[in-house]
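Going down the list, the protein sequences come from chains A and B.
With my numbering applied, the first sequence covers 24 to 844.
With my numbering applied, the second sequence covers 4 to 165.
These are calculated hints, taken from the structure and not from any lab test.
Because the structure is a prediction, the values reported are computed rather than measured.
Check before you lean on any hint, since a few could be wrong.
[Said to hold, decoys possible] Capping the alpha-carbon separation at 16 Å, the derived lysine to aspartate or glutamate pairs in EDC-like fashion look like this:
id: 1; chain 1: A; residue 1: K139; chain 2: B; residue 2: E37
id: 2; chain 1: A; residue 1: K407; chain 2: A; residue 2: D208
id: 3; chain 1: A; residue 1: K319; chain 2: A; residue 2: E414
id: 4; chain 1: A; residue 1: K403; chain 2: A; residue 2: E207
id: 5; chain 1: B; residue 1: K13; chain 2: B; residue 2: E74
id: 6; chain 1: A; residue 1: K403; chain 2: A; residue 2: E414
id: 7; chain 1: A; residue 1: K727; chain 2: B; residue 2: E74
id: 8; chain 1: A; residue 1: K139; chain 2: B; residue 2: D38
id: 9; chain 1: A; residue 1: K453; chain 2: A; residue 2: D424
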Amino acid sequence: MNAPDKLKPRTRFDTVGKPRRRVDGRAKVTGLTRFADDIVLPRMVHCKLLRSPHPHAVIESIDCSKAKTFPGVHLVLTGKDFPVSFGILPVTQDEYALANERVRYVGDPVAAVIAKDEQSADAALGLIEVKYRLLNTVASAEEALANPEPRIHDYGEQGNIHRLQAFEFGDVEEALKGSDHVFEDLFFFEGNTHLPLEQHASVAAPDGEGKLTLWSSTQVPHYIHRALSRALRIPAAHIRVIACPNGGGFGGKCDLHNHEIVVSRASMILGRPVKVCLTREEVFYMHRGRHPVLMKMRTGVTRDGKLTGMHLQTLLDGGGYGSYGVASTFYTGALQTVTYELPRYKFDACRTFTNKPPCGPKRGHGTPQPRFGQEVQLDKIAEKLGFDPAEMRLNMAAKPDSLTANWLKIGSIGLEECIRQVVDHSDWKKKRAQLPPGRGLGIACGSYLCGAGLPIYWNKMPQSGVQILADRSGQVTVFCGATEIGQGSDDMLAAFVAEVLGIDAFDVRLVTGDTGLTPVDLGSYSSRVTVMMGHAAIQAAERLREMIADAAAMELEVSPERLVMAQGRVFLAEDPSKGMTFAEAVVFAETKYGTLGTVGSYSPPRGPGRFKGAGVGPSPAYSYTAVVVEAEVDQNTGWIHVPRIWVAHDIGRAVNPVLARGQVEGSIYMGLGEALMEEQIFRRLPPKMSHALVHKFPSMLEYKSLTSLDMPEVFTYLVEDPDPNCPFGAKEVGQGPLLPVMPAVANAVYDAVGVRIDEVPITPDKVLRALERKAKGETPRVGPDHFPSVPYPTPIYVKTPWEGGDGNETKSVDRKHGVAA
Amino acid sequence: MQAMQQVHLKLKVNGEEAEVSFAPYKTLLEVLREDMFLTGTKHGCELGECGACAVLVDGQPLLACLELAVECEGRAIETVEGLATGSELHPLQAAFADLGGAQCGYCTPGILMTAKALLEKEPDPSRERIREAVSGNLCRCTGYQQIYESIEEGARRMREEA
Chain A
24 MNAPDKLKPR TRFDTVGKPR RRVDGRAKVT GLTRFADDIV LPRMVHCKLL
74 RSPHPHAVIE SIDCSKAKTF PGVHLVLTGK DFPVSFGILP VTQDEYALAN
124 ERVRYVGDPV AAVIAKDEQS ADAALGLIEV KYRLLNTVAS AEEALANPEP
174 RIHDYGEQGN IHRLQAFEFG DVEEALKGSD HVFEDLFFFE GNTHLPLEQH
224 ASVAAPDGEG KLTLWSSTQV PHYIHRALSR ALRIPAAHIR VIACPNGGGF
274 GGKCDLHNHE IVVSRASMIL GRPVKVCLTR EEVFYMHRGR HPVLMKMRTG
324 VTRDGKLTGM HLQTLLDGGG YGSYGVASTF YTGALQTVTY ELPRYKFDAC
374 RTFTNKPPCG PKRGHGTPQP RFGQEVQLDK IAEKLGFDPA EMRLNMAAKP
424 DSLTANWLKI GSIGLEECIR QVVDHSDWKK KRAQLPPGRG LGIACGSYLC
474 GAGLPIYWNK MPQSGVQILA DRSGQVTVFC GATEIGQGSD DMLAAFVAEV
524 LGIDAFDVRL VTGDTGLTPV DLGSYSSRVT VMMGHAAIQA AERLREMIAD
574 AAAMELEVSP ERLVMAQGRV FLAEDPSKGM TFAEAVVFAE TKYGTLGTVG
624 SYSPPRGPGR FKGAGVGPSP AYSYTAVVVE AEVDQNTGWI HVPRIWVAHD
674 IGRAVNPVLA RGQVEGSIYM GLGEALMEEQ IFRRLPPKMS HALVHKFPSM
724 LEYKSLTSLD MPEVFTYLVE DPDPNCPFGA KEVGQGPLLP VMPAVANAVY
774 DAVGVRIDEV PITPDKVLRA LERKAKGETP RVGPDHFPSV PYPTPIYVKT
824 PWEGGDGNET KSVDRKHGVA A
Chain B
4 MQAMQQVHLK LKVNGEEAEV SFAPYKTLLE VLREDMFLTG TKHGCELGEC
54 GACAVLVDGQ PLLACLELAV ECEGRAIETV EGLATGSELH PLQAAFADLG
104 GAQCGYCTPG ILMTAKALLE KEPDPSRERI REAVSGNLCR CTGYQQIYES
154 IEEGARRMRE EA
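One chain only, chain A, in its complex shape (with noise of 0.2 Å):
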């Protein structure tokens, strides 16, 4: 373990807990925060690339000869150029910058062009001739199942499945046998994407040295670092990747994305440097988003409401690569466990191939699609057995410091709290199943990481480093690979270093997100930047302080331990006018010890599991979330509207309340719009129009999201019980209070008509066929009817830890016994 040991335990801060301006507030109110597509550098070309309209096809031939000879044109680029195929996770290098013979969605990039503006770029595209001949096209999951022919791509389990993975934890199939209640449900969860405000830019330019600069909009500098050098072929030290501030990220800024390569191989053809900004359609294409995902669940219950065992099935459609998937597989499955008392569990995992834009991470990767099928299983549940939907929760909720039926370690938990926070400010009480008819409230829970424990490519390094320069000046510098994305990393950073060293946040320089000057952080991803760099900037801060406290008590001629520092000054505990400022405490350092520098390093605990996959699931510390959404649904049109939401969110700290609260709305903000709207979703072209899957609306208009007349009042509840795993016991809040939005509508909805939508996004169309259905005396329900036969393999069988597991896979297991022989 790292610096929690270190900390010591402290009773008041001068940063942390206090609402403030952000860091970089001021830049980003005077438009001078530097977004990648604000860059502008002399002699800058321009680049565009010329995407399939197939979704799927063999590349015969393509003709660049007359946009080569077009005015203006520097560069035109093919497959041909681009020899290696990348992937963000080393076991899925399935993608091309530039498709080398194949394409595997629409939008899919086969050329590019760089000019001298991209008017030009653009029109030498239309001149390019690509022969295709077309391959037959799988739309869906289950159209993969049904079709392993063609293949999509030649590697994966068979046919068009890309990833299966299965594990038991207990034998669950006894504990439904001896419950008194098994539930079985079907949920759809479709894909929606991320929509960030800002189109991906990149500018690639050789450096005077001849070496590599890249400026884009990436969460994650070192792991672009790292992929480019494997896909370029040039080694990583000649390489910098500098993240510009994202202007939002969600997850989909988390790939190598082609046109990063793109810009850096022909800044490096031509001598100078490369621009490519991508249109709102090609952003869509981009994607990487929520993996659209059909789930089974069944699950046993006891009579007074306890769970006995849950076997979750699931199926993704992973769109024509692998991004992220694997992870994300893992994901639909791996968290299951966390929030509630669950004594044993079995999860299967399928992700497909399909002919549609790559599905990767978006916020609460993987694990908002199950949490939405268990959160409206529990409130059918309480239906059924007769209870409060909150108070069967409260009885069932995980408790502290205990292990999961999956080998997950929890440490703090705020989630009873959270319950009772939503519970007592919505007047749950008096309103559920009290309001006149088309009004309702629902509850949903839920739990997040904060930090995902293992990197994406394997290594014991740190995850997370920081250094920090203090000179004579009083100047404090801290430099650190995190990357800001809106979330609000920058201002974290200042404020750990700050409230150790006893100086205003405003007075700390940063450099981040600069693989050519900072330490290496593994990015804005998995909520993981305050625990992980909070640790690290922490360290580095306290060796520095200890360095200026040990020179300022040899001036002052006392012990260090006496000394405080804070407010910009170093004194005296018992007399604070003995002392002098942090300026000149710097300078009896650096007179001391010489040139003044620290580091600091964070890698998280390992988990205590062994078995294979045990991976994906430990982190630090697990935040918790609360919601109560108050829907009236008109049942003439279906139409629904939300009103008031109520959200408590187990924070651990709260460093900057501004933000926290920030991070919180802008989650119940994106829950509500993947609830209600948000969807990416395709349709085929007539056949006598080739039959193409084509993206229904890849535009900001008809993908429908919210805007703030849609957008609820939001009343938002921070239950600070500081987690000592954390820093200053912060957890995260980005990605954790999404979760439960969506079935919380779900439920509310319920509340309100009576109808179960087990399917997002919850749509009138939807509302009104289940209204219709009720009246017709049918089940009131609109959701998925069957789950496809799906060739899940036998699953690693684990013992659970009250069983006498050890965290191994047990081999042969007796499964009459539920013990391993």
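For this one, chain A is given, so just place chain B on it according to the hints.
Positioned in the frame of chain A, the structure of chain B alone reads:
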């Protein structure tokens, strides 16, 4: 494609008159960003769908991606770069920075300009009026609530200053 003759005209941006040459098909957004290097104005779609490029033309919020720059000659254009007075932030800017009105900051310039136009007409708008006024500006980060609060606080500070 024949290279199009550039137009040469005067644009008045943030009270300063500048002579600019550009291809006549360019939008105000493109000319501001590419020919005048005023990159504070952002773009999220270039189709008039997201509101990120909102600027003020003669005091009215207008989507710079839908307006040809040649049509802006002689009109007063205001962008986010002109909001602050010297190094002193406009009260709206200060409120957005203080109250979480800007997360990633990408929609912020467009929303600031839209809010400024609102407050110049209505110094003390209701929450409902604010929601209507910014309904053409998409924000994917905040859930809008802290934006409303920032505008209300900015309005309060402006009224105090007046």
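Hints, one by one, checked against the model:
no.	hint	result
1	A:K139 <-> B:E37	13 Å, holds
2	A:K407 <-> A:D208	14 Å, holds
3	A:K319 <-> A:E414	25 Å, violated
4	A:K403 <-> A:E207	10 Å, holds
5	B:K13 <-> B:E74	11 Å, holds
6	A:K403 <-> A:E414	14 Å, holds
7	A:K727 <-> B:E74	32 Å, violated
8	A:K139 <-> B:D38	14 Å, holds
9	A:K453 <-> A:D424	34 Å, violated
Of the numbered hints stated above, those contradicted by the structure are hints 3, 7 and 9, listed in ascending order.
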